[in-house]
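Asks: Here are the chains, one letter per residue:
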Amino acid sequence: MADRIVIVGNGPAGLTAAETIRALNPTADIVVVNGDTHGFYSKPGLAYLLAGLVPQPRLFSRSEKDMADAQIRVVRGRAVRVSPADHRVVLAGDTTLPYDCLLLALGATAVRPDIPGISLPGVVTLDSLDDARLILKLAEGATTACVVGGGITALELAEGIASRGVETHYLMRGEHY
Amino acid sequence: MSAFVVSEAVRCVECGICSFNCPLGIDVRGRARLGLPVAEAYCLTCGECVARCPRGTLRFEASPVFKATSDGMGH
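Chain order of the listed sequences is A and B.
Just so you know, the first sequence maps onto residues 29 to 205 in the working numbering.
Just so you know, the second sequence maps onto residues 1061 to 1135 in the working numbering.
Incorrect hints may have been included.
[To be verified] Label-pair distances were calculated between CB atoms; the ranges are:
id	chain 1	residue 1	chain 2	residue 2	range
1	B	Ala1063	A	Ala167	38 to 46 Å
2	B	Ala1122	A	Ala167	39 to 47 Å
3	A	Val103	B	Ser1062	41 to 49 Å
4	B	Arg1119	A	Ala167	32 to 40 Å
5	B	Leu1094	A	Thr137	25 to 33 Å
To be clear, the hints were calculated from the coordinates, so they are not data collected in a lab.
For every residue, glycine included, the Cβ atom is placed at its ideal position computed from N, Cα and C.
Turn these sequences into a full structure, and let the hints guide you.
Replies: The structure is reproduced here in structure tokens:
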């Protein structure tokens, strides 16, 4: 069984994988690469933070101590390159992590369509806690908002903003969600 | 019939709404994300976590401890 396991991504997939591998292999060296500046929080839960259904501290599902107790090492950084030939992941700043087994649990990020005005102030995406904080700040003084996207995040985001009393328009390409 | 809260782990996004709304402060999310039942004896089965989970992760399930049996003695 592989002894050096590197998991890139600290979402539910990466963390669940780390905990499951630990349960199966008590001696493996398990490293989770966390590219976020915060700890281990629920990204799908950000829409519920915006809706006021859950306070920010409750989004954090695991503490640093939880990870240490499970003997899962957390490395803050952003993976920029994989070198399969010599089994190494390279992080920004040239830190390298050797691995026997590599799991990429990167999730997804919002796509900014190439349309006029996409870079104007007030046009935002929701991928991180910092994004959610920015949206909350924008919503405080807003009277109208527009949410674009046909996925569950966009739908929940529209619900969340509307629940704050902001007149919200929801745009999607298809006729039905 | 007595019941307790069970979870379908693959639906859980670990948002924490269940734990936040538990009036007794039970770590419901900690069970839900692992697919474990909320087995705390002091759980009120009030249904707050089941009703508020936005992803349909939680549900009530009848407890086998109190299931009716043919001889009425639990055998």
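Asks: Give a verdict on every hint.
Replies: Consistency of the hints with the structure:
1. B:Ala1063 x A:Ala167: 38 to 46 Å: holds, 39 Å
2. B:Ala1122 x A:Ala167: 39 to 47 Å: The hint (39 to 47 Å, Cβ to Cβ) holds, given that B:Ala1122 and A:Ala167 are roughly 43 Å apart.
3. A:Val103 x B:Ser1062: 41 to 49 Å: holds, 47 Å
4. B:Arg1119 x A:Ala167: 32 to 40 Å: Between B:Arg1119 and A:Ala167, where Cβ atoms are some 33 Å apart, the hint holds.
5. B:Leu1094 x A:Thr137: 25 to 33 Å: holds, 27 Å
Checked against the numbered hints given earlier, this structure breaks none of them.
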